[in-house]
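From first to last, the protein sequence lines stand for chains D and R.
Just so we're aligned: the first sequence equals residues 494 to 830 in the working numbering.
Just so we're aligned: the second sequence equals residues 224 to 468 in the working numbering.
Treat the hints as calculated values from the structure; they're not laboratory data.
Treat the hints loosely; a few may be bogus.
Unchecked claim - Pairs of lysine-lysine, DSBU-like flavour, derived with a Cα cap of 30 Å:
{"hint": "1", "chain 1": "R", "residue 1": "Lys341", "chain 2": "D", "residue 2": "Lys626"}
{"hint": "2", "chain 1": "R", "residue 1": "Lys410", "chain 2": "R", "residue 2": "Lys294"}
{"hint": "3", "chain 1": "R", "residue 1": "Lys311", "chain 2": "R", "residue 2": "Lys453"}
{"hint": "4", "chain 1": "D", "residue 1": "Lys626", "chain 2": "R", "residue 2": "Lys361"}
{"hint": "5", "chain 1": "D", "residue 1": "Lys521", "chain 2": "R", "residue 2": "Lys341"}
{"hint": "6", "chain 1": "R", "residue 1": "Lys286", "chain 2": "D", "residue 2": "Lys626"}
{"hint": "7", "chain 1": "R", "residue 1": "Lys361", "chain 2": "D", "residue 2": "Lys687"}
{"hint": "8", "chain 1": "D", "residue 1": "Lys687", "chain 2": "D", "residue 2": "Lys519"}
{"hint": "9", "chain 1": "D", "residue 1": "Lys690", "chain 2": "R", "residue 2": "Lys311"}
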Amino acid sequence: MSDLMVIINMLALVYLGWFVERSLQKNKSKMWLFSGLVVVMLVILFTLPNYGPTYSYIMVTTILMYLVLTVSWALFSGPTGYISLAPAAFFGVGIYTSAVLGKDIPLLAVVLLGGILSFVLAMIVGALTLRLKGTYFIMFTFGLVLLITNLLLWYEIKFTGTRGRFVVAAGNDTIYYVMLGIFILLLITAFIIKRSKFGLALQSIGQNEEAAAHMGINVTGVKVIVFAITAFFMGMAGAIMTMKWTYIDPYSAFDLFRSFLPVLMAIFGGMRYFYGPVLGSVIFAYLEEKLLTEFPYVYKLAFGIVLIAVILYLPDGLAGLVDKIRARIARKKNALT
Amino acid sequence: MHLLEGKGVSIHFGGLAAVSDVDFYVDEGEIVGLIGPNGAGKTTLFNLISAALEPKPGEILLKGKRINGLKPYQICRLGIARTFQTVKIFGSLPAIENVRIGSLFGPLNRLSTMEATKEAIELLEFVGLSDVASAPAKDLTLSSQKRLEVARALATRPALLLLDEIMAGLNQTELLEAMELVKKIQKRGVTVVMIEHVMKAIMGICDRIIVLHHGKKIGDGTPQEVANSKTVIEVYLGEASDAGD
Ligand SMILES: Nc1ncnc2c1ncn2[C@@H]1O[C@H](COP(=O)(O)OP(=O)(O)OP(=O)(O)O)[C@@H](O)[C@H]1O
Ligand SMILES: [Mg+2]
């Protein structure tokens, strides 16, 4: 029963992602219907703690966390082709903001600050590394996570004498509402960026960076600012998510898995589509939570097999598959009439 | 005052002096041809003017103002646009979007989205690509891709347009069309510098020709003067038969 509620809310999340994609298209037919449905979905999502058992919104919170990481990651790396492995770093900065300041300032201020500090870190890192191409950029962002982890570890042991920290906890429903708010803010931001000329600039950078520069695009500027905006959301997500975990240390806060998963989830869902990464992370996160606790070995095996299958047979991910099936149905219909 | 002027422009790649101590100028309204054998340094000179590379040493002036050390996007907004010898289009974007990017980001005074779109449509028609406006740029033929680059460059509203071998590999009809196009660009009030190996085109439409050889300038004058220059005939026209690719 509670699983059914989780699934309904998952569908609502995917719908929101699909709606953003649809709003970006020129096709404006039936928009009134789709907008109406958005309201319904938002009501379903925002009232979940009122009708669903605690387990259901804890679960959806975790799904939302992966959603925020994946959709932000794809917002920058999708069009530009710069594969960043820094999400864990930005998420971790949020976590530590919470751990250090959580008891002194109000919850929303902590979350905002976590986002801002990640934003600043991303500006610095971006200015230093976004001129690196391909593998070098990937390796640098990967190294960044390791660097911060070890620096922090050294600092904690040298100056505080303990490796970890306790975090001020917050209620499960509060964490859920804040995470949902972050996700919706992210969708709005993604919509604005994609619809504005920055969206076009990002795409042109991914297609041919040199030509983009000669067309009057400040390529470094555009890359750094969008990279930092996506880090802002990752930082906020980290700041609120920690309040569920109560105890953290540098290893758990800067877990590299949180850098890899967004990449995998986005590919799994299909990066050519805006709702692809949404679909990918919702399904992936659900399966991870379900299978990891109940059948850890089966999970890891299934994880590997599915990933390989998707990369080999579904270059455009699940969203691409959906498109293909829809095209086939449309063709059948045409053949019949 | 010259529209564009270079003083002692040079650049070395390791031991190779790709462009060495070149003085040149371009006046408003001209079509200037830039010729020379393969590897002479023509494309490198374009890279220096458009700030893909920085001259060391040397100085480049646009309307009397030094533009060394600026970034490519700033050079573009100051009014210098270019095309690329090996096409550099935004392949998966529709042709029209390629041009719209130029009009959205290139002009110094920003256009509204509506104006940018209108201008992109007009420019696609200008280069004869209206039919394929919504096709992905990578699906266009090479000669269409070259014209798309011209439209995209014009969309940035340049005072000076640098064309790098837009006529390479064209058949006779296409060649005549391309020559006509360059003439039309001049009539729009845009000054043109064109690199070309196709002698017929160069001699036919250029007001003046600059000749490079091993990174050095060895000739500069009207098509007649250059065609009659002994040095030019020796080092370039003599080799032209094997440089016609
Ligand atoms: N970025 C670079 N690094 C090293 N060498 C370079 C670079 N760019 C150009 N060169 C070298 O400089 C010389 C001039 O090259 P350039 O491309 O300017 O010639 P070009 O006159 O345009 O020739 P073509 O007619 O074949 O296009 C060549 O020897 C080339 O190999
Ligand atoms: Mg060349």
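Evaluation of the provided hints:
no.	hint	in the structure
1	Lys341/R / Lys626/D	violated (35 Å)
2	Lys410/R / Lys294/R	holds (29 Å)
3	Lys311/R / Lys453/R	violated (37 Å)
4	Lys626/D / Lys361/R	holds (23 Å)
5	Lys521/D / Lys341/R	holds (21 Å)
6	Lys286/R / Lys626/D	violated (35 Å)
7	Lys361/R / Lys687/D	holds (22 Å)
8	Lys687/D / Lys519/D	holds (13 Å)
9	Lys690/D / Lys311/R	holds (20 Å)
In the structure shown, a violation is registered for the earlier hints numbered 1, 3 and 6, in ascending order.
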